[in-house]
Amino acid sequence: MESLTQALTLLVTTPLVPAAALGVAWGILGGALPGISPSITMALVLPFTYGMDPGAAIVLLAATYVGAEYGGSIPAILINTPGTNAAAATVLDGYEMQKQGRGGEALGISLYSGVIGGLFGLTMLVLLTEPLARVALSFTPMAYFALGVLGLSVIASLSGESLIKGMAAGIIGLMIATVGSDPISGVPRFTFEQADLLDGIPPILVMVGLFAVSELLQQSSTGEWRKPDRDMARLRFPNAALRRRLAKPQLLGSVIGTFEGVMPGAGGTIASFMSYNEARRWSRNRDEFGKGSPEGVAAPETANNTVAATALVPVLSFGIPGSNSAAILLGGLLVHGIVPGPRLFAENGDVILGLYAGLFVASLSLLVLGMLILPVCLWLVNRPKAYLMAFIYALIFSGVYSIDYSLFDLALVLGAGTIGLTMRLVGLPFLPAVLGVVLGYLVESNYRRSLVLSGGDHFIFLEDRIALGLLSVAALFIVGSLATRTWRFLRATAN
Amino acid sequence: MAKDLTCAAVLFVVAAVYYVLASGIGRSALSDEVGPAGLPVVYATILGGLAILLALKTGLRYLIARQRHTHAEPGKPRAAYVLGRAAGTLAIGAGYVLLVNILGYWLSLALLLPAMASYQGQPIGRRLVLISIAGATVFWVLFVWLLGIPMPQPWLGPLA
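So the protein sequences, as listed, match chains H and Y. Quick note on the numbering used here: the first sequence kicks off at 1 and runs consecutively. Quick note on the numbering used here: the second sequence kicks off at 1 and runs consecutively.
Hints should not be assumed to be uniformly reliable.
Partial chain Y-side listing against chain H, Cβ under 10 Å, derived [said to hold, decoys possible]:
#	residue
1	Tyr62
2	Arg66
3	Met116
4	Tyr119
5	Arg126
6	Pro154
Derived from the structure by calculation, the hints contain no laboratory data. Beta carbons are placed, not taken as given, at the ideal position from N, Cα and C, and that holds for glycine.
Let the hints inform the model, and build the full structure from the sequences given.
Below, the structure is given as structure tokens:
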């Protein structure tokens with residue numbers, strides 16, 4: 001109670017509220033631009049924090065992160081371009097809803113779920129920082145490998161009609177992830193003597209190419225888009241019945257987001273894909289997934305916004321940054337003389353209470369700012385198709401160039417777009433490929449590190465309790481998906 | 001049916017090329033037991049296997065369909081048209097990538113926007129020109145002025 005009073009006092013007496021609102025607004029802008037990642041958005045604002053009050057500076061950075069994680073869903077829903085890696089799972093049903101003229105509804109669901117996820121994540125951050133951080137610290141390379149396999153196991157149920165094609169797409173993703181320097185020895189692989197490829201191909205380039213560029217390529221040969229009804233194109237929040245329906249996927253997204261957020265390196269992408277998969281598994285309207293299901297938007301959006309808060313757990317408790325964004329936040333803490341660790345609460349309790357209060361304000365600001373910004377975005381995407389396609393192309397080129405200031409990246413995105421168009425034409429699904437690209441490095445590097453530790457003995461994966469647990473869950477997922485497919489096939493044959 | 005067979009063929013070619021490239025990856029003194037080529041070779045083998053499996057499955061389905069005298073799915077006659085239009089869009093994008101270092105960011109965008117819009121059927125006229133100039137300026141303000149991204153400068157100097 002005393003802490004609550006102190007936090008409220010900080011809100012009134014320090015510039016936390018404007019810092020949170022400003023951070024969220026800046027973050028939404030950065031997240032909504034393809035290629036401008038949350039970490040770049042935070043890095044751009046970092047120099048402005050030097051002269052600020054430490055509490056307000058940290059809140060500004062954290063609120064930017066929260067805004068950017070949410071902002072990634074806006075282009076994912078409206079133009080089939082995930083603004084951030086974590087927004088890739090939102091594309092599937094969000095863009096389908098937009099194509100059906102239900103973009104306003106999809107944006108309303110994503111905003112509502114984002115706020116729920118943010119508040120849930122903040123609650124977890126306040127209540128469980130210490131015990132959750134201990135779980136994160138006990139993760140070994142074997143456990144990280146198992147975590148990657150668990151993520152890949154989702155392919156079995158994201159494969160659409162053909163499991164073979166889904167697995168093939170997943171392997172193609174894993175192949176793309178092998179481009180660059182070998183994680184153990186540093187030997188260049190598939191780089192064709194191009195220095196630009198030594199660091200590998202960033203997943204965001206593959207996603208923008210597969211989803212957005214290939215969509216542009218395919219749309220080049222179609223006529224004018226159907227104009228949505230004026231009412232349908234407005235931002236619409238879910239009504240009571242839909243809110244009840246969304247409660248389950250939001251709960252799944254929150255729990256998975258909490259679990260993934262506290263583990264350094266796991267991040268929002270795995271959380272959003274796993275939440276999408278689990279929401280589909282437990283849904284009564286399973287067949288709607290992939291065709292514009294509100295639950296398919298709610299689950300990943302709740303998960304990646306939960307991660308935005310819970311990813312602070314390892315940063316605050318041990319000073320371990322689990323992602324680039326967390327590393328910039330850590331930099332912000334250190335610049336102001338705040339050293340994360342067990343003594344953080346004793347030495348800088350007021351700053352941490354201020355951070356909690358600021359994150360609370362940031363979640364509410366997300367709602368207010370979203371209501372102001374989203375109608376403008378909806379108006380923009382309902383312009384004539386020719387202009388819209390031209391502006392999307394320009395946005396993709398500008399955003400992608402901003403990542404590394406490299407024209408080579410633009411060529412890579414066009415290449416990924418061509419691969420995406422080929423995959424569309426031969427019926428290969430995108431999501432397994434994206435999972436492969438995102439998880440490939442995590443799986444390979446930790447698999448090989450584990451074998452180095454064990455001297456080549458594969459039993460090490462069964463001896464590590466966390467790895468064994470995660471691998472068992474992955475096996476259950478795969479067997480469950482195969483059983484469901486077999487059951488459906490037998491039922492269809494009998495009919 | 002034809003789509004699945006094409007898919008199997010494409011996957012097999014990808015697997016074969018990737019396998020050949022993976023086999024050529026050198027080892028280093030720092031290499032572990034698996035080595036840098038270890039997993040890539042496994043991936044290529046699995047993909048090749050999946051391609052063969054897909055081809056067999058498609059062939060089997062074709063045989064069953066023929067026994068039941070069902071018609072094969074009609075092919076999509078528009079595939080060539082889709083590819084042709086997509087090639088045009090790709091060419092516009094490639095043109096931007098090639099020109100941006102010569103003309104600079106603003107001017108290249110001011111050309112990309114009307115090129116793409118007119119390719120999509122927008123008539124060339126004063127409206128298109130004005131929207132393109134305004135659009136390029138908005139992008140310049142957002143990325144260069146507001147976000148401070150060092151976009152490519154014109155080769156001919158800042159005036160261009």
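Here is what the structure says about each hint:
{"no.": "1", "hint": "Tyr62", "in the structure": "violated, 15 Å"}
{"no.": "2", "hint": "Arg66", "in the structure": "violated, 18 Å"}
{"no.": "3", "hint": "Met116", "in the structure": "holds, 4 Å"}
{"no.": "4", "hint": "Tyr119", "in the structure": "holds, 7 Å"}
{"no.": "5", "hint": "Arg126", "in the structure": "violated, 15 Å"}
{"no.": "6", "hint": "Pro154", "in the structure": "violated, 14 Å"}
Violated hints for the displayed structure, listed by number in ascending order: 1, 2, 5, 6.
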